[in-house]
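Colleague: If you want the building blocks of each chain, they are given just below.
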Amino acid sequence: MEEPRVLDQTGQSSLTSAPSGLPSPRPVRWSLARKVSLALVSILLCTLLLTGFFAYYKFESVYSSLVQSRYSFVVFTIKKRVEDSLNLGLPLHQIRQAQEILEREKLRDPQILSIEVYDSQGEVLFDTDRGAIGSMVPAPQVDALHGGTAVAFGASDEDALIVGLPLSNTLGKVEGGVVLRYPIAYIEHGIGGLLFQLAEKIALQLGIFSVIAVAGLYFLFGRVGHKLGAMQRTLGEVIATGGQAETGPGADQFEIRFAEFIAKSHEAVEHIRDATAEVGRLDRLQ
Amino acid sequence: MTLDHTRPLFIRLLLLAFIVLVPPVGLLSYGALGEFSLGLAPEMDKKVETVGQDLAASLDRAVGYGIPLDQLYGMDDFFMPVLTANPEIHYLSVTDPNGRILFLNGAAKSLLAPFYAAADFDADGGQTHRSILGPFVDLSLPLRGKAGIAGQIHVGVDQNYIRGRLLDIAQDIAVVNLVSLLVAIEILLFVVTFNVIGPMRIVGMVIDKVRRGDFSHACSVDSDDEVGRFVSGFNAAIRHADDLFRRLEAYMDEVKAAHFDRTVAERVGEIEARVRFLFRFSHTGRPEVMREYQATDIRLPLFLFVFAEEISRSFMPFYIRDLYAPIPGLSTDMVIALPIAVFMLFIAAVSPAAAMAAASKGSRRVFLMGLFPATIGFFMSALAYTVYDLILWRSVTAIGYALVTMACQSYIAQVSQRQKRAQSLGVYVGAVLTASVCGTGIGGVLAERTGYRATFVIAAVLAVIAGLLIHRLMGTAPPAADTRLPRKRALLVLLRNWRFSALVVFAAIPSKIALTGFFFFLVPLTLLQDVSTDLGDVARIMMFYPISVVLLSPLAARLADRTGWKAGLVAIGGLIGGGGLLLPAFSGDINMITLAIIMLGLSHGLSASPQLAMIPDLCWTECRNLGQTNVLAFLRLAERIGSVIGPLLAAAFIPLYGYTGAGIALGVVVLGMSAVFALLSFAYGPGPHIEAELTE
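Heads up: the protein sequence lines correspond to chains A and B, in order. Residue numbers are given in the working numbering: position 97 of the first sequence equals residue 109, and the series is strictly consecutive. Residue numbers are given in the working numbering: position 28 of the second sequence equals residue 37, and the series is strictly consecutive.
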């Protein structure tokens, strides 16, 4: 009577060398758990990077707009005061107190790089940097004057951000503009530390949850691999040494069918061997 | 988990994916938002202080001239522009030294008066005073007259303002998280199907053959994981039996041919007959490799491709507007609608040829053929200079889109058994809808950050990845299937079936008019009219459509099967969609438009499956003569008339009624047509209709 072999029996030895006529099992180079771990950890990394990326840039946008709105307000108050004088009928270049207004506002906030008032042709009339008076502003700042008298415009140059408003008289005619420069470094300083903190948090979360992912996947796929390994060992042993595969309690339909596969394979092998022996015996008949 | 039912494994995997993806993003977001809050608060304080100081300086000047504080004139006009230009400032007020409110804008007097009356502003020695006042942060600055402190000016900031800004950030993060989770599900589904479910299914098929004594097949799996190792051992057992048989066969041939004793030869022949009777081996000399093609093979590439197309959904009208160039005889809105309509037109025009090409040349070839124009189209759309070249490149993309989607549908039809075709088509619908949710959501967020052009480049890259996957997954042509294609004239006979025609004209076409005219074209334009709405908001709101469809479709399909009341569901769906489009008539705010989008999603979720399910009953004879797939394809083709008309009709309404009005006008059209269908549906009757055959 041949000894039955249970499909889910375990044992490392038979994993490495199948005692059968079958070739040695192919080595597992990339286990299922490793493959899925790679996919899941990659998705986690991309998700965290994408989240960090969007959060950081959205924050930068909110922060910049808040800073810009503060400076827009400063520009707005200068505009009001200069326009009060314009409404008295004074030409823009003759509003002497404009220079004083600009300098006072600059003194209030050390972050302000400069404030300037220019006419509709782009010539600087008043500037906290007095040396710049008489120079021309870049063309986009002149073009921006035509965007609407109440609409603040923004621009940037090499190391400064610019916020400005048009100056108009009571008839609505644009007489010129006022712009305020503040350093890009101010924004960068405000958000710079966050990038590092975010990177640190991303690395931490990635580390912790990668371990959870890998452990979970090894647990999930370990059982699959374990079951397949046991089935394969039984197959090799039954084919090589005989016996029959029996399913253990709780075996699923696949295992039951696989046991029948083993039985049929064994039956075929035995039958062909018997047939070969019988043919050999007949062949030897003289 | 059991090896023949991998669903529990997949569910556990999804659970693990949820555990691994959602909490870290949640924790990261929570930590980041805390940091952001700390970063924003000082800047907000500076802003409020700047405003307060400026207002105080102006009032100081007036008080300095000797005007009593309570007799200042025009304070409303003084405060109003400040409040309008600075939405974070909720109110401005001036109090006298006793805390009595003299002027107030932006809040109810009763809310602030008790607090001001009780507060002692002099305690700070006339300094800036900050206090929490219900939902507000109140910053008070002293107003100095000639005789000392004449009163206080108060700047009130909504405490929730920063929270609101952080909520914006959190919403973007939520969209990214949702999209990541859906992408993770798609990828895990692919990985598990490709590495476990697919191979084990083939093993199962080979096992069943062997159980019947048939050793003619082995499995095709050659992966280097546990399944690959198992399959190699499994195949080795089959090949072992096959080898033994080959040797026996050769030996028997030799004995039969060479043995001098004919009785021995006869006995050997009997043994051979017995072995061949009991067992079956391949005639080719070795076990043939068994392959199985499944609908799920193309799910991930299709998902990526549709993702690429949907990524521009939320901003397409804005991109067209940026590239606007006048086209003689067309209004600006009509020019914006044109690329969307032309895209739909090309899909409709190319689809029949694409279906034929897929049938004759094979799905894989047509998919790859389609990817070429699609990728070029995406990439060149990014480089478009004017609306003219955008129309050209969108047309090229549409050709690719038609080829790819038809190739996928054809592949599914070819590889799925007839009784499982509906289930397999579910793979197509599932991939398309999930991609729609992801593409729409992430597209707006991406475009807001990286710009429209960069987002199109990302779409091109996704299309290339889809191509690489197809190249890898569809290695050889799938088995040939029924590729019977009817002549166009034969299809036109369908229109003589009044039930079919009514379904096309009064249900399918209006449904597409609403989709392309309202959702694709009008929604982005209408939403962005609100200055507080950005592109990310538009994308988030637009996500409600595919989400509604995804949630309702399976339920509607089950309901249609259970009740058999398919025409009724289609009618109700149409009425809900049309009615939803009328909602902005009550209020043009974003919430109402969002509700209209959700109702459109519910409408399409409710009617899409029953619409298809009706066809075998409505066109019983035609399905038998032309093939059900062809009748369904004709329905899909005919409804694209609505897809083309939709944006053009909406654009024609805009000059007459404005953006919101155009949506309502479109709603009237859709609701009217749906109402006609609802009336006709009562005459549809139950069961298959075979009158056409009887009259022939």
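For the record, the hints were derived by calculation from the structure and aren't laboratory data. Watch out, some of these pointers could steer you wrong.
Stated by the list, open to error - Pairs of lysine-lysine, DSBU-like flavour, derived with a Cα cap of 35 Å:
#1 A/K92 to B/K118
#2 B/K55 to B/K155
#3 B/K55 to A/K47
#4 B/K218 to B/K265
#5 B/K155 to B/K218
#6 B/K370 to A/K118
#7 A/K118 to A/K92
#8 B/K218 to A/K92
#9 A/K185 to B/K55
#10 B/K218 to B/K370
#11 A/K213 to B/K55
#12 A/K92 to A/K185
#13 A/K92 to B/K55
#14 B/K155 to B/K118
#15 A/K118 to A/K185
#16 A/K47 to A/K185
#17 B/K218 to A/K118
Colleague: Hint by hint, say whether it matches the structure.
Modeller: Outcome of the hint check:
no., hint, result
1, A/K92 to B/K118, "holds, 28 Å"
2, B/K55 to B/K155, "holds, 28 Å"
3, B/K55 to A/K47, "violated, 52 Å"
4, B/K218 to B/K265, "holds, 30 Å"
5, B/K155 to B/K218, "violated, 106 Å"
6, B/K370 to A/K118, "violated, 73 Å"
7, A/K118 to A/K92, "holds, 16 Å"
8, B/K218 to A/K92, "violated, 90 Å"
9, A/K185 to B/K55, "holds, 33 Å"
10, B/K218 to B/K370, "holds, 32 Å"
11, A/K213 to B/K55, "holds, 29 Å"
12, A/K92 to A/K185, "holds, 15 Å"
13, A/K92 to B/K55, "holds, 21 Å"
14, B/K155 to B/K118, "holds, 28 Å"
15, A/K118 to A/K185, "holds, 27 Å"
16, A/K47 to A/K185, "violated, 69 Å"
17, B/K218 to A/K118, "violated, 88 Å"
This entry does not satisfy hints 3, 5, 6, 8, 16 and 17, going by the numbered hints stated previously.
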